[in-house]
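Given chain R, put chain C in place with the hints provided.
Given next are the chains, with one letter for each unit.
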Amino acid sequence: MAQLAKAETATLEAHWQGLDERPDYALLRPAETGLVMVRGRISGTGAPFNMGEITMTRCAIRLADGPVGFGHVAGRDRRHAELAAIFDAMLQHPRWQALNSDLIDRLAKSRADRRQAEQAEIAATRVDFFTLVRGE
Amino acid sequence: MSALTADGPLPGFADPVDDAQRIFRKVLDALAHPGRIVAIDAPADLPPGPLGRAALGTALALLDFETPLWLDEAASAARAHLRFHCNCPKAETPGGASFAFLGDPAVLPTLDSFALGTDAYPDRSTTLVIEVRALADDGDLTLSGPGIEDRTRLGIEGLPAGFWAKRAALAPLFPCGIDLILTCGDRLAALPRTTRVEE
Chain R
62 MAQLAKAETA TLEAHWQGLD ERPDYALLRP AETGLVMVRG RISGTGAPFN
112 MGEITMTRCA IRLADGPVGF GHVAGRDRRH AELAAIFDAM LQHPRWQALN
162 SDLIDRLAKS RADRRQAEQA EIAATRVDFF TLVRGE
Chain C
5 MSALTADGPL PGFADPVDDA QRIFRKVLDA LAHPGRIVAI DAPADLPPGP
55 LGRAALGTAL ALLDFETPLW LDEAASAARA HLRFHCNCPK AETPGGASFA
105 FLGDPAVLPT LDSFALGTDA YPDRSTTLVI EVRALADDGD LTLSGPGIED
155 RTRLGIEGLP AGFWAKRAAL APLFPCGIDL ILTCGDRLAA LPRTTRVEE
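The listed protein sequences derive, respectively, from chains R and C.
Heads up: the first sequence begins at 62 in this note's numbering, then just goes up one per residue.
Heads up: the second sequence begins at 5 in this note's numbering, then just goes up one per residue.
Only chain R is shown next, with the shape it has when bound in the complex:
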């Protein structure tokens, strides 16, 4: 679900359009946009606090023969939420287990690559300060 939520809509749409066979589905809860409170912890482990609200779009669908899929994505892209919900439901269906390798692994890899490229770009401008006593 995280990979689907963080993927680009265009990537998901392309994969959906490229499928040989697309399942029938019904919208249980059409995509709708709202606010959710994001909570954080001080230094990652301390007391929880409310950081602020973000816009979120959610959608729930059900495949004709059973599984219910949910999509929750940050932002207002309704199609993204719907596609995420469809793929989430398909992943629970034995018929579409191949999606795990076809789509999810690819999404995970492209995200990791993107992240690495970003980190490399940032690392290039890193400055190490030499001091007698490091402030650690």
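In short, the hints are calculated from the structure, not lab data.
Check each hint, because a few of them may be wrong.
Just some of the chain R residues that point at chain C, by a computed CB distance under 10 Å [to be verified]:
{"hint": "1", "residue": "69"}
{"hint": "2", "residue": "71"}
{"hint": "3", "residue": "88"}
{"hint": "4", "residue": "89"}
{"hint": "5", "residue": "90"}
{"hint": "6", "residue": "91"}
{"hint": "7", "residue": "121"}
{"hint": "8", "residue": "123"}
{"hint": "9", "residue": "129"}
{"hint": "10", "residue": "159"}
Being a predicted model, the structure only gives us computed values, none of them experimental.
Glycine included, every Cβ here is placed at the ideal spot set by N, Cα and C.
Frame of chain R; chain C shown alone:
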């Protein structure tokens, strides 16, 4: 898209805001005019079980996470559907419920097993939604009380014998009491606790 298997949630209102507001208005109208039969036109998909469109529409419009729901045995097939759309908690006993939906009035629990409210908070009572066999404008029941100009008639089929006497026995407890919504397929009528019913 209509080939969904029966168990589990089905699509709810096509237009959640407008449908819920329209049905809220109709239920309010029915409660303000006891005995008036109103028609409910949503939702399109109904889960299995005896509950009709009027009962399901009322549920989708009125239930939320603050209203514990009690379903009788016959109506329990709708639980997954209502839980999904309304997020309502399950009441373990009839007395813990804000709303009780009954698919089979023949095995109705006694009325005082539901919450009657308290003198300080009469609103904390259970609203009963009962699916009956038939509803008619001109039946053998005579209604009077607030919201009815003089008298009005209503016909209800499917309630157990002695039901109206048991309901009348709760009248002295006012402001406590139980509000009834009687549904039959796509139509419903309401009998708030203030309405007097004569057979």
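Tested hints:
1. 69: 27 Å, violated
2. 71: It is violated, given that the least Cβ distance between residue 71 (chain R) and chain C is near 25 Å, above 10 Å.
3. 88: 6 Å, holds
4. 89: 5 Å, holds
5. 90: 7 Å, holds
6. 91: Since chain C brings a Cβ to about 8 Å from residue 91 (chain R), closer than 10 Å, the hint holds.
7. 121: Holds. Min distance 8 Å.
8. 123: 6 Å, holds
9. 129: 7 Å, holds
10. 159: 23 Å, violated
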